[in-house]
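There are 2 protein chains.
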Amino acid sequence: MAEEKVMNKQVLFKDYVTGFPKEEDMVLTSSTIDLKLPQGSTAVLVKNLYLSCDPYMRPRMSRPLTQSYTDALVPGKVLVGYGVSKVVDSGHPDFKAGELVWGITGWEEYSLITMPQQLNKIKYTDVPLSYYTGILGMPGLTAYVGFYDICSPKKGETVYVSAASGAVGQLVGQFAKLAGCYVVGSAGSQEKIDLLKNKFGFDDAFNYKEEQDLTAALKRCFPTGIDIYFENVGGAMLDAVLLNMREQGRIAVCGMISQYNINPKDPVHNLFCLISKRILMQGFIEPDHKHKYPQFHEQVIQYIREGKVTYVEDVAEGLENAPSALIGLFSGKNIGKQVVLLAHE
Amino acid sequence: MAEEKVMNKQVLFKDYVTGFPKEEDMVLTSSTIDLKLPQGSTAVLVKNLYLSCDPYMRPRMSRPLTQSYTDALVPGKVLVGYGVSKVVDSGHPDFKAGELVWGITGWEEYSLITMPQQLNKIKYTDVPLSYYTGILGMPGLTAYVGFYDICSPKKGETVYVSAASGAVGQLVGQFAKLAGCYVVGSAGSQEKIDLLKNKFGFDDAFNYKEEQDLTAALKRCFPTGIDIYFENVGGAMLDAVLLNMREQGRIAVCGMISQYNINPKDPVHNLFCLISKRILMQGFIEPDHKHKYPQFHEQVIQYIREGKVTYVEDVAEGLENAPSALIGLFSGKNIGKQVVLLAHE
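Residue numbers (the UniProt record's numbering), protein chains in the order written: chain A, 1 to 345; chain B, 1 to 345.
Please note that the accuracy of each hint is not assured.
The list makes no distinction among identical chains, and a pair is therefore deemed to hold if it is satisfied within one copy or across any two copies.
[Unchecked claim] Derived lysine-lysine pairs resembling DSS-like cross-links, with alpha carbons at most 30 Å apart:
{"id": "1", "residue 1": "LYS121", "residue 2": "LYS154"}
{"id": "2", "residue 1": "LYS154", "residue 2": "LYS96"}
{"id": "3", "residue 1": "LYS177", "residue 2": "LYS308"}
{"id": "4", "residue 1": "LYS219", "residue 2": "LYS292"}
{"id": "5", "residue 1": "LYS154", "residue 2": "LYS290"}
{"id": "6", "residue 1": "LYS199", "residue 2": "LYS14"}
{"id": "7", "residue 1": "LYS308", "residue 2": "LYS5"}
{"id": "8", "residue 1": "LYS277", "residue 2": "LYS14"}
{"id": "9", "residue 1": "LYS209", "residue 2": "LYS265"}
{"id": "10", "residue 1": "LYS155", "residue 2": "LYS292"}
{"id": "11", "residue 1": "LYS77", "residue 2": "LYS277"}
{"id": "12", "residue 1": "LYS9", "residue 2": "LYS219"}
{"id": "13", "residue 1": "LYS96", "residue 2": "LYS308"}
{"id": "14", "residue 1": "LYS177", "residue 2": "LYS5"}
{"id": "15", "residue 1": "LYS154", "residue 2": "LYS265"}
{"id": "16", "residue 1": "LYS22", "residue 2": "LYS277"}
{"id": "17", "residue 1": "LYS36", "residue 2": "LYS308"}
{"id": "18", "residue 1": "LYS209", "residue 2": "LYS290"}
{"id": "19", "residue 1": "LYS121", "residue 2": "LYS277"}
Since the hints were made in silico from the structure, they are not lab data.
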């Protein structure tokens, strides 16, 4: 049987992380891989084009006893995450060589996917392929389900989005504007604030790092209170939001990036507001809602084509720069959705 | 016009309270009242038979800036709360002398009700009248809405109730058993634990005051986790519950009695569990659900008549003992629903 062995650069997960992840927690290495599947294999071999850097990856790096919404990563093994790939060889009837796919893959040049149900075919190719790590992928569906299904927005309601220029936040803000809501976002730099106001059409935005008093900042932005909060950060921000929520408010609990690298977690003191204001808080994750991808894609591709939503990405180039790109999420280095380009189609 | 002036003993609310309420925060006094309404009045004059002591009254005693789900009490004025009364005179077409009513009244022997929409006629009289302060009143509807509507129980699910022998908790536990759930309650004394297991049919119960580690106690009682938590206490208990919740769990946030008398409030650290376990938390209060009283009464009166639910009250006698009865709620002195008997029908 003909072998086609090539070098395969990889990023390994070194060991469980405590505190902020560092580049040294990931190891760049290389092995060889056969680009021809053995006879009888039902796996799919892919060439990775884009890798996605997402905040949820941090909880997966903690020792499993820490609650995490996905299985923990395995020390010594290649890092895994969402990506866009091209099929090189396939033993699975659903996929064939040359097809473009997105889904869970490895942080490496080539990946052998033994559970092809984690791959999805790419249907729309008139948008950048990298969008399948963002607006058309997990962050997109997260924004869609969290905003429309959990927050049940009504025209004229007030919406607050934290981490608003990130992969999910920028979409939530635009969905909220399309729904006729008043939308304010927060982020951690002037550049991001400008992006929110000028590119994504938020009605207002503030730099949380420059506010002495988050409760007062929210009171200033929402004099009559917040109907909907899209929670991406947790901790002190959540506490300030609770004091500023309106009665019958809804909080979609999507992420708590401010809390992933610290232990003990920041205290939240104002949960009594849940009763006094009859607030709903609902945690959710994308894997529970995968069946909504078809309707979501149909809706969002339309928005993109009509120019009703836009999407900003921060693209790092090369696998060797993937670890620092991932780590950058936790200091807010990225402007927009962080993605890593490995290879053009 | 004939006057029928009588003495009217009253409990006044002295001034806003910080920390635990004391008897001295309430003043026993008396005034005179005319038992005949003046010509043309549209008010209703009632003789109070039972007064209800409920935890929600504590937030009403704080200076209004503190979030409270009802209006604050007015210093110097008579205390108000739920009660059962008999109409003495009425200028309102919906009520006539001799009728029994329940609703918001004053902590006094006779009350002049100027907003008769706060009164409800008593329909079923084959149960103790005091039940309209409890199982057939605000706590009853609270248990009913919180458990059935917010927690959406399914047969075989696990249910945890804190403050389980209280007015609301004892009903939630019994509703949960009727729904085919496995139910564990916690309370603060052996006598209450016995009540939960032997009278209300809880599958298990524990004394939270005797547990070193609430997280471990819940793990022991729920080895596979909690599907439904009926939240009455807040603080450290909520934190321990979050770690023990199962995926897709529901938390009906009814009260946080452990937090009403302290400032700052106890920290909650484990809200990330909302995401990892996709938990719903929903705050609620009875006034939003008053339209459900007819269906609720029909259901619960049936349960009472068939002996399917039971109700335990702690009855203090005399208006002069009302302040200490109310305060006793916050140290758990009451066994079952705390009510004050002022007069027999």
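Structure-based check of all given hints:
For a Cα distance limit of 30 Å, the shortest separation of LYS121 from LYS154 qualifies neither inside one copy, at 34 Å, nor across copies, at 37 Å. Proximity of LYS154 to LYS96 under the C-alpha cut-off of 30 Å is found in neither arrangement, the shortest distances being 44 Å within a copy and 44 Å between copies. With identical chains, the CA atoms of LYS177 and LYS308 are at most 30 Å apart within one copy only, with a shortest distance of 10 Å there and 52 Å across copies. Taking the shortest alpha-carbon separations for LYS219 and LYS292, neither the intra-copy value of 36 Å nor the inter-copy value of 35 Å comes in at or below 30 Å.
For the identical chains of this complex, LYS154 and LYS290 are neighbours both inside a copy (25 Å) and across copies (24 Å), given an alpha-carbon limit of 30 Å. Taking the shortest alpha-carbon separations for LYS199 and LYS14, neither the intra-copy value of 39 Å nor the inter-copy value of 56 Å comes in at or below 30 Å. In the homo-oligomer, the alpha carbons of LYS308 and LYS5 never lie at most 30 Å apart, since the shortest distance is 46 Å inside one protomer and 73 Å across protomers. Taking the shortest Cα distances, LYS277 and LYS14 sit within 30 Å of each other only across copies (27 Å), while inside one copy they are farther apart (46 Å).
For the identical chains of this complex, LYS209 and LYS265 are neighbours both inside a copy (19 Å) and across copies (25 Å), given an alpha-carbon limit of 30 Å. Taking the closest pair of Cα atoms, LYS155 and LYS292 come within 30 Å of each other both inside a single copy (23 Å) and across two copies (28 Å). Taking identical chains as interchangeable, the C-alpha atoms of LYS77 and LYS277 lie at most 30 Å apart only when they sit on different chains, with a minimum of 26 Å there against 47 Å within one chain. In this assembly of identical chains, the alpha carbons of LYS9 and LYS219 never lie at most 30 Å apart, being 50 Å within a copy and 44 Å across copies at closest.
Taking the closest pair of Cα atoms, LYS96 and LYS308 never come within 30 Å of each other, the shortest separation being 34 Å inside a single copy and 63 Å across copies. In this assembly of identical chains, the alpha carbons of LYS177 and LYS5 never lie at most 30 Å apart, being 51 Å within a copy and 64 Å across copies at closest. In the homo-oligomer, the alpha carbons of LYS154 and LYS265 never lie at most 30 Å apart, since the shortest distance is 33 Å inside one protomer and 33 Å across protomers. For the homomeric pair LYS22 and LYS277, the shortest alpha-carbon distance between copies (27 Å) is at most 30 Å, but the shortest distance inside one copy (41 Å) is not.
Taking identical chains as interchangeable, the C-alpha atoms of LYS36 and LYS308 are never at most 30 Å apart, the minima being 43 Å within one chain and 69 Å between chains. For the homomeric pair LYS209 and LYS290, neither the shortest alpha-carbon distance inside one copy (35 Å) nor that between copies (44 Å) is at most 30 Å. Taking identical chains as interchangeable, the C-alpha atoms of LYS121 and LYS277 lie at most 30 Å apart only when they sit on different chains, with a minimum of 29 Å there against 44 Å within one chain.
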